[in-house]
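Here's the letter readout for the chains.
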Amino acid sequence: MILLWLILILLLGGLLAWSLERRIPNASRYVSLIALGLDAVLVTQLWGKLNGPLVAPGAMPGIWIEQIRLPWIPRFGISLHLAIDGVSLLLATLTILLGILSVGASWTEIKQRTGFFHFNLLWVLAGILGVFLALDLFLFYFFWEMMLIPMYLLIIIWGHENRVYAGFKFFLFTQAGGLLMLLSILGLYFLHGQSTGVYTFDYLDLLGTPLASQTATWLMLGFFIAFAVKLPMVPFHPWLPAAHTEAPTAGSVILAGLLLKTGGYGILRFVLPLFPDASRAFAPVAMTLAAVGILYGAILAFAQTDLKKLVAYSSVSHLGFVLLGLFAGNELALQGAVLQMICHGVSTGALFILVGGLYERIHTRDMERMGGLWQAAPKMSAVTLYFTMASLGLPGLGNFVGEFLVLLGAYQVSVGITVAATIGLIGATIYSLRMMLRAFHGANSYDLPFADLNRREWVILGVLMIAILWLGVYPQPVIDTAAPVIERLTAAG
Amino acid sequence: MIPTEHGLMLAAVLFVIGLAGVIVRRNLLFVLMSIEIMLNAAGLAFIVAGARWAQPDGQVMFLFILVTAAAEVAVGLALLLLLHRRFKTLDTAAASTMRG
Amino acid sequence: MFELLWTIPALPLTSFVVLACFGSRLSKAASALLGVGSVGISAAVTLLIGFEFLGAPPASGAYSQTLWNWIAVGNLQPAVTLYLDALSLLMTFVITFVGFLIHLYASEYMAGDADFARFFASMNLFVASMLMLVLADNLLLLYLGWEGVGLCSYLLIGFWYTDPANARAAVKAFLVTRIGDTAMAIGLFLLFAKLGTLQIQPLMAEAASQWPEGSGWAIAAAALLLGGAVGKSAQLPLQTWLPDAMAGPTPVSALIHAATMVTAGVYLIARTHVLFGLAPQVEVAVAAIGALTLLLAGLSALVQSDIKRVLAYSTISQIGYMFLALGVGAWQAAMFHFMTHAFFKALLFLAAGAVIVSLHHEQNIFKMGGLRKLLPVTFWTFLIGAASLAGIPFITAGFYSKDWILAQAWTSHTGGPWFWFAGLFGAFLTAAYSFRLIFIVFFGEAKTHVHHHPGRRMTWPLVVLAALAIVSGFVEMPETLGHVAAFSHFLGSALPPSHHPEAGVEAMLIGIAIAAALLGLAVAYFLYLRNPEKVDAISKAPLAASVHRLWLSGWGFDRLYHMMFVAPVLWVAEINKNDIIDQIYRFTAWLHRLVHQFLRTTQSGQLRWYAAGIGVGTVIVAGVVIFG
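Residue numbers (my numbering), protein chains in the order written: chain A, 1 to 493; chain B, 1 to 100; chain C, 1 to 628.
A hint or two may mislead.
[Said to hold, decoys possible] Sample of chain C residues at the chain A side, in silico, Cβ under 7 Å:
| no. | residue |
| --- | --- |
| 1 | R178 |
| 2 | P542 |
| 3 | D579 |
These are computed hints drawn from the structure, not numbers from a lab. Since we're looking at a predicted model, the values are computed, not measured. C-beta: ideal position from N, C-alpha, C; glycine also.
Excised from the complex, chain A in its bound form:
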């Protein structure tokens, strides 16, 4: 029941926040915090169960911590099937954490229609949680679309100047990918039904459906493209800089920190286990595209003068490591990919919060108009430096462990691709340091007194700082949590 409640609380909280909008303007913020707080308690309970007895539903025993299965539309073999394993637990935790922090980050930023804003925020989070938990392909698709629309609204209502364009672009790209996935889901459903006589959307039943290799490749590509758009993989990335740049801070944090991770998660959960042979045959292509993405994202990030755009393109580069790790397919690389997803969520989320805070203060994101911010706001600058260093892969901070594991694993599969991807680390250094140089170093160009971080921001960023440091010096708990899932995946392959 915990799993169902995790999602329901957010959905109900969202409705409550919306309905209170007219009567008590500020209540919606607290409602969101309370809803997410309740979820945090539930997730803590799940962590407690981690070492307890595991449940064994169907074909993949031994990795599920908790599950729930209720009939929904039995006629078509659709059920409300939620389950959680190590990887989904990690990502669900990240969802709740970033959810709470993004409510905090938009505390003063959002002044109009706060109730509806928080409704959308909570519903996006509910959709994301659903994606991480769903084990029924129909349900998964349902949640996949559910996170799309509130996000679209967040961008086009509370975004910056060019928000409508960005919102449309985001919607079109992800929707196109989603429809391809729907085709693949239906294809799999009918093929499974024809060969076994049982028509079902249940993930565990669909695992190991016998497929002709040609068919498997096409179905795999349908899933893959949907996830690659979300991830995003070059050349499906152009929606991302637009959406990240125009979204409000909370939107950017959720986009970069969580929404992109659904792509990586989807590949890990669906593409690799459902089509093991097809995805293995496809791996060289995917790894090449990943390396291209790492370098291409870095070069683009280097050229930007808009801070948010820079961080957005750096996400393209960083998520390339996730894709590389997922398709390298050995234990090291997969562990690295999971870690990289989490660390990227934390570090990029923090960078977006910082850029958002900066925008609130100086009303520009253009680096050409910044300079000498360090003198004006030393604490904020130091924290930015900290997360910049995390994002360029400084050892001791989380991203390094993720990237290093990915590269170490990928090296055993392909030397050339790994070398190219490693050169991406130099690219990361260039654009990160250029950002520090342009915006924060140099002479102070702000005469007006400039408020440094306030207490609310300190709490938000402090949590993220500790998290990324902890992931850097002692990532073992995360690795151990994800280990059973990854071992099963590598053992099957």
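Following the hints, position chains B and C against chain A.
Frame of chain A; chains B and C shown alone:
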């Protein structure tokens, strides 16, 4: 006897005159009159065809057209009057408010 | 005592955390106490552990202490483990001890700076990272320290960030070293993929047992590690960052860019000497890089006019000696020169800092002069440092360490007369530029006023380092001169011994080296003290002028790299600023809009148009039916 070709030719010419009127004229009254011409052109063609094969069907069809034309003129003139009352003109372009 | 090993890096690290979090609220005295004190206690602990190590060494020659498991995935099991053997003990000693003296000096040097706490926080983080680097038991942990010191170097070079030039120098330093680090990272991937571990000692044993001498894998791995070492130690072709790094405060230059961080490359090669031993071709490359670097940097040092840039080029050149020694397999000699160099170069930088601060931040040597009488302590200590650098015979430490390297370059099987001759010519250059500096800065007429005399916290470190710059040479003396082998005996448990040449050859080599050093001194004396106008006359000649410009700019590497790497990257970034892939999507969107524009003109809402459309359409359809 007049050859069938001549009769059909006349019908075609009348039809084209009517069509040209519908397309070119802006005044709704002339548009209605042009439609009348087109209807009559069609009627003429029926008559010619009926005469060619010595069948009554052509004349029956002509009567149908006559009735339709009468009904059309009645509705059309009513619309025309309403239009004139509303827009103080009979220009069709003036009434084009549905343009997206 | 060995159990206290973890406190050596932990103390500066703790001090860093405190200063970083609460530095703005602490008084300067408290910050200084924390910053200097933490390193001081580390140095004391190192001394205690060092005495125990000398008195009762661990049975296997090394002590290791596991703090916690860092990452454990499959057979990748790097733990946070400290590994203390003679080599890392030597490094730890130099880092903490010289580091302590420099911190003490800095507490006065930086006293007027508003960002005092930030300075000490960065310095402490540096010491902690450097200690992690040398004490690391596996290459991944070493890499952590390796990148950590790079970060601190970046922070401290750009310490006075309000000048964009400083910030840019910081970025350059970080970036150029990161290029080397990337090669090193790929080296780690290779080593792990082939040998299945990153723990240094098992890795070396595994390499020796699996790879024969000259095997391709060993060559590739050693070459990639060399890439990292070359970047960090500012050797050709990645040496360009170090002269610019002088933008940082002088104590930073002394600690990071002279004594410790830049020698990390030397340490890395010495640490993985087994691997390099398996790759003779790479060994020759190391020696060649060292020889070439020491010559090019020595010539550049000869013409610089900024006192710190002279010392920077001198550092590059001296590390070139260490690489030469490593390349010819004289591991112990390289480490000996590392130690003496740390003392005398730190001394030179600190003394130069004293001069700079006395003259109100004047760094141009041609605006100095006659400071001998005005700043006596600084003069004498600088003189000792310069003498040691120049290798003035018998009394200075630099003489013994450089001499050992030259002798090895001659006798070793990978060495030879050419390497020896490069080193010898380098010795001549070293003496020439060292004493050029002395004569121009401290002799001649006084050209400026002394604003400020260094206080006790600045002079004491100078005196102590001056003493070390002399006596540290006496721990290892060649057979012909005294025959002391304490240093090589001490390092013997960690690094293989090097063979001494025969007594006669050795005496001859020493004689020639002494002659080269004295000749350099004499040339400096005649050119810069007796007949300075002659130098002007020479440098006016057209050919000499262009050579002068070339040397002054460090052989034009900056321009070359700008043309080869920086400009193309900028160009690509500029043309692709709006993302060509995005443009393709935008183009399809534009195409759709165009078609849409065209189609919507037909939907005019004009009845007449529709009627015409029906008419035309009918004609076409009828035409097709009849004639088609």
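The hints, checked one at a time:
1. Proximity of R178(C) to chain A holds as hinted, the smallest CB-CB distance being about 5 Å (cut-off 7 Å).
2. With a cut of 7 Å, the hint placing P542(C) at the interface with chain A is violated, because the nearest CB-to-CB distance is about 39 Å.
3. Hint on D579(C) holds. Least Cβ distance to chain A is approximately 6 Å, under the 7 Å limit.
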